[in-house]
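Student: Starting from the known structure of chain A, arrange chain B on it as the hints suggest.
Going line by line, the protein sequences match chains A and B. Residue numbers for the first sequence follow our numbering, so the first one is 1 and each next one is one higher. Residue numbers for the second sequence follow our numbering, so the first one is 1 and each next one is one higher.
Be aware that one or more of the hints could be misleading.
Pairs involving identical chains hold if they fit within one copy or between any two copies, as the list cannot separate such chains.
Said to hold, decoys possible - Below 25 angstroms or equal to it, Euclidean Cα-Cα: the simulated DMTMM-like pairs (lysine to aspartate or glutamate) are:
| id | residue 1 | residue 2 |
| --- | --- | --- |
| 1 | Lys13 | Glu261 |
| 2 | Lys102 | Glu41 |
| 3 | Lys27 | Glu110 |
| 4 | Lys169 | Asp151 |
| 5 | Lys27 | Asp126 |
| 6 | Lys102 | Asp151 |
| 7 | Lys102 | Glu76 |
| 8 | Lys106 | Glu35 |
| 9 | Lys137 | Asp80 |
| 10 | Lys13 | Asp80 |
| 11 | Lys169 | Asp157 |
| 12 | Lys172 | Glu129 |
| 13 | Lys34 | Glu73 |
| 14 | Lys34 | Asp80 |
| 15 | Lys106 | Glu36 |
Simulated from the structure, these hints should not be mistaken for lab results. From a predicted model like this one, the values you see are computed outputs, not experimental measurements.
2 protein chains.
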Amino acid sequence: MTKQELINQIKQKKSFLCIGLDTDITKIPQYLLKEEDPIFEFNKQIIDATKDLCVAYKPNTAFYESLGAKGWESLEKTIDYIPKDIFTIADAKRGDIGNTSKMYAKAFLETLNFDSVTVAPYMGNDSVEPFLEIKDKWVILLALTSNKGADDFQFFDNGNEKLFERVLKQSKQWGDDENLMYVVGATRPEMFAEIRSIVPDSFLLVPGVGAQGGSLSEVCKYGMNKDCGLLVNSSRGIIYAGNDENFAAAARNSALQIQKEMAILLEEFLK
Amino acid sequence: MTKQELINQIKQKKSFLCIGLDTDITKIPQYLLKEEDPIFEFNKQIIDATKDLCVAYKPNTAFYESLGAKGWESLEKTIDYIPKDIFTIADAKRGDIGNTSKMYAKAFLETLNFDSVTVAPYMGNDSVEPFLEIKDKWVILLALTSNKGADDFQFFDNGNEKLFERVLKQSKQWGDDENLMYVVGATRPEMFAEIRSIVPDSFLLVPGVGAQGGSLSEVCKYGMNKDCGLLVNSSRGIIYAGNDENFAAAARNSALQIQKEMAILLEEFLK
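Bound conformation, chain A alone (with noise of 0.2 angstroms):
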């Protein structure tokens, strides 16, 4: 998917949320576990209940691998079965030496056709550029993150710059806003101002909103760009908001009054 095609849906759906796929087996309503693929199930239903509401989907690999060759096949199900309109993002926070992250580009951009994948940055160029090389595809590269431990390096200073301000700065030479978004966590808005400075057009993947207690409208106030800019993530407080038969019911409320707010913000901040 292009830039421009993300911020026609933007517009369209009156929505950047972007939902986060984090599927629990021990966490969904306990009838689905009758199902062949109960994994698949869930998110089947959830993505049937929200799919107008949101512009992304992020299923969390991790959640998959913890169960083997059959998580990863409802993985492979489940990103067949997102509509092809909606951006759909791996996280997979990958990056290893060049012939390897050609591999898990190939794993994730063409074997399982996501449109971006999340990439960690602490290998440098030659352990992401793999990733841009492919056509039409993105990069989420993790610039400052949501959790707690972005504190002990992060913000690591040479005087100038911290980290995550040299990451930003350095992966501009390596791929543009075309290509290349960036992982910011919403629980520190007031560095979004500082991120916008380095990277003014880009879009943001912005983790934190809800379960780890960052505001949207704080994100927004700093973060927003004339293209809106924000993919803002919700993950357990949409998918885990009920747990029995109106699950996916409980979970559309839940993105409905997320992307209701977000309507109202596109409006206060895009006119």
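Tutor: Same frame as chain A, but now just chain B:
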């Protein structure tokens, strides 16, 4: 596997060789493609031919994931086939927020039952700890990698220390030399002395000897400690030493050359 058990294996076999199972469907002998599971058949023959010469096997997960669920099945069969007295490394370079790293820990250290998994440090403490919580299992944390892109961020310097040194120092608060090893590339042997001053007793997993150009004797000169403290990996140089019906014998021969050199180096440095 405990640290002492690993040391015992090294002494018995006079080897600190780790064989990387970067098994690529396009590079294995073509006659294997008629097998039901060519990847596993290749690995099986490599393991049979080399298991007395190495102390560790390191499947690189990217190569298996690139084949989808079928690749994941080949990985499951491979890990089950490796003899239990050989240390196993899931070279997966994972790392995510706590509840997600917990799923990755489950995937690799419980479901697949690897002894260890490689982890990327960018997201800090809570992305690493869930792996460390599993008894008798290991994290192998990226410190200084062997690739060119290591220069981009790992040498980022705050005036007192470089990022990879900070990773080494900080991580000592999370685990110890009984559950934490580090990836240090062979392509920078001059850095081993500095690294040993920070983590004198820890095992280092050393890629980059062979195809990537690192020198085994240089690595030992600067990196070996009183227990050996090194697992030196070779992947392509061993597993693709031959490309016909005799590929396993060729792999054995290549591994044997390295093991013989290692026996001499162990004699020299551990006397």
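Student: Hint by hint, note whether the structure agrees.
Tutor: Comparing the hints with the structure gives:
1. For a Cα distance limit of 25 angstroms, the shortest separation of Lys13 from Glu261 inside one copy, 12 angstroms, qualifies, whereas the shortest one across copies, 64 angstroms, does not.
2. In this assembly of identical chains, Lys102 and Glu41 lie within 25 angstroms of each other by CA distance solely across copies; the values are 23 angstroms between and 31 angstroms within a copy.
3. For the identical chains of this complex, Lys27 and Glu110 are inter-copy neighbours only, at 19 angstroms across copies versus 30 angstroms inside a copy, given an alpha-carbon limit of 25 angstroms.
4. Proximity of Lys169 and Asp151 under a CA criterion of 25 angstroms is satisfied in both settings, with 19 angstroms inside one chain copy and 15 angstroms between copies.
5. Taking identical chains as interchangeable, the C-alpha atoms of Lys27 and Asp126 lie at most 25 angstroms apart only when they sit on different chains, with a minimum of 22 angstroms there against 38 angstroms within one chain.
6. In this assembly of identical chains, the alpha carbons of Lys102 and Asp151 lie at most 25 angstroms apart only when taken from different copies (20 angstroms versus 30 angstroms within one copy).
7. For the identical chains of this complex, Lys102 and Glu76 are neighbours both inside a copy (19 angstroms) and across copies (22 angstroms), given an alpha-carbon limit of 25 angstroms.
8. For the homomeric pair Lys106 and Glu35, the shortest alpha-carbon distance between copies (23 angstroms) is at most 25 angstroms, but the shortest distance inside one copy (31 angstroms) is not.
9. In this assembly of identical chains, Lys137 and Asp80 lie within 25 angstroms of each other by CA distance solely inside one copy; the values are 16 angstroms within and 35 angstroms between copies.
10. With identical chains, the CA atoms of Lys13 and Asp80 are at most 25 angstroms apart within one copy only, with a shortest distance of 22 angstroms there and 48 angstroms across copies.
11. For a Cα distance limit of 25 angstroms, the shortest separation of Lys169 from Asp157 qualifies both inside one copy, at 14 angstroms, and across copies, at 16 angstroms.
12. Taking the closest pair of Cα atoms, Lys172 and Glu129 come within 25 angstroms of each other only inside a single copy of the chain (12 angstroms); across copies the shortest separation is 32 angstroms, beyond that limit.
13. With identical chains, the CA atoms of Lys34 and Glu73 are at most 25 angstroms apart both within one copy (17 angstroms) and between copies (23 angstroms).
14. Taking identical chains as interchangeable, the C-alpha atoms of Lys34 and Asp80 lie at most 25 angstroms apart only when both belong to the same chain, with a minimum of 22 angstroms there against 29 angstroms between chains.
15. Within a single copy, Lys106 and Glu36 get their C-alpha atoms only as close as 28 angstroms, which misses the 25 angstroms cut-off; across copies the closest is 22 angstroms, which meets it.
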